[in-house]
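Got chain Y; can you put chain P on it based on the hints?
Chains as they are written, first to last, in the numbering used here: chain Y, 41 to 439; chain P, 41 to 439.
Among the hints, a few may not be true.
Since the list gives no way to pick one copy over another, a pair counts as held whenever it fits inside one copy or between any two copies.
[As the list claims (entries may be wrong)] Computed list of lysine to any residue pairs in SDA-like fashion (alpha-carbon distance at most 20 Å, straight line): (1) K117 - P83; (2) K239 - D115; (3) K277 - G199; (4) K117 - D340; (5) K345 - E384; (6) K239 - V126; (7) K277 - P198.
Simulated from the structure, these hints should not be mistaken for lab results. Being a predicted model, the structure only gives us computed values, none of them experimental.
Protein chains: 2
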Amino acid sequence: MTHAPNLPLAGLKIVELGHYIAAPFATRLLADLGAEVVKVEPPGGDPVRGWGSSVEGNAVWFSVHGRNKLSVTLDLKKPEDRDRLVALLKRADALVENFRAGYLERIGLGPDVLHQANPRLVIGRISGYGQEGPYRDKPAFGAIGEAMGGLRHLTANPGQTEYPPPRCGVSISDDLAGMYCAMAVVSACWQVKGDPQAKGRVVDVDLVSSVFSLMEGMLPEYGLFGWVRQPQGAAIKTAAPTNTYPCADGKWLCIAGNSDLIFKRLMAAIGRPEMAGDPRFANNAGRCDNVAELDAAIADWTRTKPAAEAETILEAAEVPCSRLFDMADCATDPHFRDRGWVMEVQDPLLGQVLHPAAPFRFDGVAPRDMVRWTGPAAGAHNEMVFAAAARGESRPLTP
Amino acid sequence: MTHAPNLPLAGLKIVELGHYIAAPFATRLLADLGAEVVKVEPPGGDPVRGWGSSVEGNAVWFSVHGRNKLSVTLDLKKPEDRDRLVALLKRADALVENFRAGYLERIGLGPDVLHQANPRLVIGRISGYGQEGPYRDKPAFGAIGEAMGGLRHLTANPGQTEYPPPRCGVSISDDLAGMYCAMAVVSACWQVKGDPQAKGRVVDVDLVSSVFSLMEGMLPEYGLFGWVRQPQGAAIKTAAPTNTYPCADGKWLCIAGNSDLIFKRLMAAIGRPEMAGDPRFANNAGRCDNVAELDAAIADWTRTKPAAEAETILEAAEVPCSRLFDMADCATDPHFRDRGWVMEVQDPLLGQVLHPAAPFRFDGVAPRDMVRWTGPAAGAHNEMVFAAAARGESRPLTP
Chain Y
41 MTHAPNLPLA GLKIVELGHY IAAPFATRLL ADLGAEVVKV EPPGGDPVRG WGSSVEGNAV
101 WFSVHGRNKL SVTLDLKKPE DRDRLVALLK RADALVENFR AGYLERIGLG PDVLHQANPR
161 LVIGRISGYG QEGPYRDKPA FGAIGEAMGG LRHLTANPGQ TEYPPPRCGV SISDDLAGMY
221 CAMAVVSACW QVKGDPQAKG RVVDVDLVSS VFSLMEGMLP EYGLFGWVRQ PQGAAIKTAA
281 PTNTYPCADG KWLCIAGNSD LIFKRLMAAI GRPEMAGDPR FANNAGRCDN VAELDAAIAD
341 WTRTKPAAEA ETILEAAEVP CSRLFDMADC ATDPHFRDRG WVMEVQDPLL GQVLHPAAPF
401 RFDGVAPRDM VRWTGPAAGA HNEMVFAAAA RGESRPLTP
Chain P
41 MTHAPNLPLA GLKIVELGHY IAAPFATRLL ADLGAEVVKV EPPGGDPVRG WGSSVEGNAV
101 WFSVHGRNKL SVTLDLKKPE DRDRLVALLK RADALVENFR AGYLERIGLG PDVLHQANPR
161 LVIGRISGYG QEGPYRDKPA FGAIGEAMGG LRHLTANPGQ TEYPPPRCGV SISDDLAGMY
221 CAMAVVSACW QVKGDPQAKG RVVDVDLVSS VFSLMEGMLP EYGLFGWVRQ PQGAAIKTAA
281 PTNTYPCADG KWLCIAGNSD LIFKRLMAAI GRPEMAGDPR FANNAGRCDN VAELDAAIAD
341 WTRTKPAAEA ETILEAAEVP CSRLFDMADC ATDPHFRDRG WVMEVQDPLL GQVLHPAAPF
401 RFDGVAPRDM VRWTGPAAGA HNEMVFAAAA RGESRPLTP
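Chain Y extracted, bound-state conformation:
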């Protein structure tokens, strides 16, 4: 707990009024970057602490989701606890919250009130649909951002099969909104820093348009030509063979064999050199026209091997491919370990756990040093943090 690595946001003070994923993910990134993050939880703790598996009541995910944060508990229904929150915000550079749009205003803590207490406070807000607009008050259930933002339509096989388009498998819309909020809040802090006249900003980030921001050229193409991008499943229509193929162990192997040279190496490696010489497959256009025959030949071969074995054979032939890594693959892969993407960390509440690295690395800082401490129990830092706020202490705090 006594590491002092040279992290870029050391000295920046953030208060999180977050629950579940989006705001807590934003502040976890800011905490990984070195900021002091005080997570304000209701007396029972952020309900995300009840998600997934736990050891003696301590949520496993929270070891990561709450790492590098200080936790305090407040009951915002009580005036004295709202006053305590305002005292915390007076010494902070930024607030990050993800209540429903308008909730802070309803409890008397809207941006106007907070800026009276601290005119330089940056206020980052995350909601389902944004702080204004016709859908503002609709409930933002989990998959809505993915569906409305246009992603779920694409993560699908063409046409209506007996299998519906799968969910992304992670809380992608919350994650994206959290990342945008973190980025925008640091940007606003950059603006305020070193300018004594600067005022704090209010930042409005929402789940739906965070997803929608990834739609590449699809919106201008729709506007100019009326084109509506349709799902392509695992294949790429304009490059063949590129697809994901079934293997003998029930796993899948993604293969990108669409350049002329790679295609020849691929067909030799799977024992079908005669197809590499077939003039119908001599160039990408011909391969796209006859893609079903190619995909069938490749799948006939992959079905005979476990995915890892097929991957090894194709890698030796310099054919770009990858099995679809599951968590066991990630956790045991030599590159993941070498890079510190997977680290063994001691958690006082859980024992030894595996943590993922921060998703950015800085010169002179080891990944391990960016995990200063693991997710704490709810309210673990009440005494220290409230005492410092009462003293008007402005130095950043560490446990």
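What follows is chain P alone, placed relative to chain Y:
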């Protein structure tokens, strides 16, 4: 072109040595936030300008992907052009690049060299696998980050069906890495700002661990219990009924009807009130045990209606649901228009085009004012930018 909205990164100067998606997306976000971004392209332009549709040779996507940037062209094989680049970097706060790991060093422009020219320069680097480690030199083809980072394994139906797990449909690993790089670069600029002693940092971001960062509690759960999260398709195993259902027009409707009260409203709305009263379905546990029967009844109803009509009926019954928005749905939705998520913008190269909003909004700034100009032609700002760099001009430039 004369807007001067109060954007947080106004005054920050970025040079982009980017191509395709990851680095250019990072700098587009920084440019949306108000930074001056000088995009350095090879004489023929970033090859991404050849992707997708175009109007008279001008790529449609680039109107968005290059917006708010200045474009200059340099041939980094020529010593005099490398000198020009160094002159640009002397007046810059940060560089963002996504060459293959080690390429900058090979052309004599590694971080040590650049920091001799400008000790305060923040250098953001994006690569497939990171700047070090056993896989550093592997080619990073498009889907690798998605597959190796663990996402593609989850975006799938359970078991091995005749349909392979679909691609995410967008360049998700490039996007995530770009977002993390933007966030980390601004953080390093925050550190440097106002501290005359501060040195520029080197930031190392990669595609694979950017995706891996979204894997929630899966890594610690694997480490503690050996659990490997498996794909769940469109359903959520622990909450029923929650799934995506086929509609009469070939589209899909996502429905989350898993609370006891919402479930009753859902079954009444689809004309099956007797199922709402069936004791087998009285609570979530019973519904999960009998989910196939529920899903069949719901799909029998959705198959009789177009997705938009089924959505309207269920929304009136206060059942959370969403059709899977395609680009036509997004572009014409009243909330998207009201919020400015979809905007009509005049592009000198293309005419009137639709642009998506920046994925963050700041008090006092309209979404429209964050699109200061559209993606320019390659080299459009050579004269202005090189002249300013030669003069040692440090004021931010606008076209």
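Comparing the hints with the structure gives:
no.	hint	result
1	K117 - P83	within (11 Å within a copy, 62 Å between copies)
2	K239 - D115	neither (29 Å within a copy, 43 Å between copies)
3	K277 - G199	within (14 Å within a copy, 25 Å between copies)
4	K117 - D340	neither (64 Å within a copy, 46 Å between copies)
5	K345 - E384	neither (33 Å within a copy, 52 Å between copies)
6	K239 - V126	within (17 Å within a copy, 35 Å between copies)
7	K277 - P198	within (11 Å within a copy, 25 Å between copies)
Hints 2, 4 and 5 from the earlier list are contradicted by this structure; the remaining hints agree with it.
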